[in-house]
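Peer 1: Chain residues, written in single-letter form:
Number of protein chains: 2
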Amino acid sequence: MNDTFLKACRGEAVDYTPIWIMRQAGRYLPDYHKVRSKMTFLELCKTPERAAEVTLQPVDIIGVDAAILFSDILVTLDAMGMELTFKEKQGPVLPSPIKSQADLDKLIDPDPMDKLGYVMDTISLLRKELNVPLIGFCGAPFTLSTYAIEGGSSKAFWNTKKMMYQAPELYHNLMKKITASLITYLKAQVEAGAQALQVFDSWAGSLSPGDFSEFALPYVQDIITALKPSGVPLIYFANNCAGLLDLTPKSGADVLGLDWRVDIPKAIDAFGDDIAIQGNLDPISLLLPEDKLEKRIASIVERGKKAHGHIFNLGHGILPETPPEKAKFVVDAVHRLSKR
Amino acid sequence: MNDTFLKACRGEAVDYTPIWIMRQAGRYLPDYHKVRSKMTFLELCKTPERAAEVTLQPVDIIGVDAAILFSDILVTLDAMGMELTFKEKQGPVLPSPIKSQADLDKLIDPDPMDKLGYVMDTISLLRKELNVPLIGFCGAPFTLSTYAIEGGSSKAFWNTKKMMYQAPELYHNLMKKITASLITYLKAQVEAGAQALQVFDSWAGSLSPGDFSEFALPYVQDIITALKPSGVPLIYFANNCAGLLDLTPKSGADVLGLDWRVDIPKAIDAFGDDIAIQGNLDPISLLLPEDKLEKRIASIVERGKKAHGHIFNLGHGILPETPPEKAKFVVDAVHRLSKR
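Residue numbers (my numbering), protein chains in the order written: chain A, 751 to 1090; chain Y, 751 to 1090.
Intra- or inter-copy, both count: the list cannot distinguish identical chains.
With a cut-off of at most 20 Å between alpha-carbon atoms, the simulated SDA-like pairs for lysine to any residue come out as follows:
| hint | residue 1 | residue 2 |
| --- | --- | --- |
| 1 | K1042 | E964 |
| 2 | K1076 | E1040 |
| 3 | K1076 | Q916 |
| 4 | K905 | G1067 |
| 5 | K905 | E1071 |
These are computed hints drawn from the structure, not numbers from a lab. All figures in this text were calculated on a predicted structure; none of them were measured in a lab.
Generate the whole structure from the sequences, applying the supplied hints.
Peer 2: Next comes the structure, spelled out in structure tokens:
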């Protein structure tokens, strides 16, 4: 197996900088559309053979150094008993958001082998096929709480912050319940065969440093602490994190993901000597002509070499409009430019 | 006249920390709704008596130390010849976005006294009524370019970055044309009586530091350089700027606005000894109970005292759902807590 990705996560010497791409299995690939056209998004997540098929596609087509389970961060809320649908163009909809302790009491602490067995089946299938490491994942508690409270995507997170500020006990109760279910879920993923785990905190960057410390970070710490004994590398990706560089290292993660707005040397300064970094090319850079794109890749590769470890990635999910050949160009360029 | 705001902008000694609030004239005030219900948003901007009336409301009702002209950053594009409407819930719509040099050639370099005379009339009316300084403003070239290219609000700025990357000459031509019209517009505002100017870069935080340096910052510098001789304090507010703290001081502005994600001491470190700061309470904090809200205000007031100058503000526009009495509470608390 190609274990370059795992070595880089651990800060060990590598022959070249490994790369995977957030949302690498997804809408920019015509092969994905072929599978997806036959079922809804959530059906695809819940059909292990098909979820495994689309997980494998980018490994074959663009040659990344790690696979990431095809799934969605919101399946945990679904498993906890929240109704969930995905509407075209609109994104996720949870028609019964959490507004009170009574709403929260209705949520169950799901047995992942029962309610999320399809994820474990997908992982088992994948481990038989893959020759690169498999990354499992979940949403971070704060990010999941925004969906649970807002009932879908949000701009200002008005209801979430309202609950934080006006009903902090209820908010913390929700966070505890989500965190507990994420811990059993991630443990089950490792048990099934996940070789690294990423916690996606897509909306962390909407919080002031003070609110992040008080309401979000402690629950990420709980997850990292609980999963540490599993021995698999733990990656924490807080999106829009330039204002949180002093705080994200306190998560305890082995690897911290960076969005494209962060200057890599500043992150290295803030993170110290034993945290690897992952990132952080602006996904829209894939529109650049190849010569200019290559310059940006080279700059990130060079800066990343000064880190404890560096996994190349985009600074956010690959955009659906990206030509697959440009994604392959990035993978090849990272390998070529980083060769030791 | 109460000139505390102007003194703080210049880093001079003040008796207390002055405060104004972004979007202080607007939807959270019932008095505003009364005026607005009789006309469209754009009609209100273009009717000097009514625009002046709503500009004055927050000075009387919540007691801020500066007034800001009631207008919109997009009136410049309207004056340049781009069709513009505001749709309820959806925001601004520009049905003929810029896609080519031919589209760009159609835009005029407007004489502000002709095409934006209503703004100057509003300013003249206000100067007769106000006992606090009047802030004029414009959108920053990058932010305006996103509306001109996307045809409205956007999430990822795909078309804007596409033009930057694939047709950089066209993009720079657009930025030059917008910048030229902003300079004559701001000069006319000062001539009419504006006593400070703020440049709003609402979407600057979507750019990587490299792209910000190459495509956005030089045009802000051009504006600041051109307006410096006017002698009025120049404020540059780049939203979501935690990753740009090394770069925004290069704008040349006298005051830099901070969104709520930025830790004030870090900004002071990055900005040095001759730039004042403005900000940065999270607008959603106004939902907190008064005791907790006051603690946050006190913390910002204390941190701000270490800056060259500090103007208290929210870290983004006040939210429409905010009770006006909470806005007044913030103004009073800032005055009380900062008394020297």
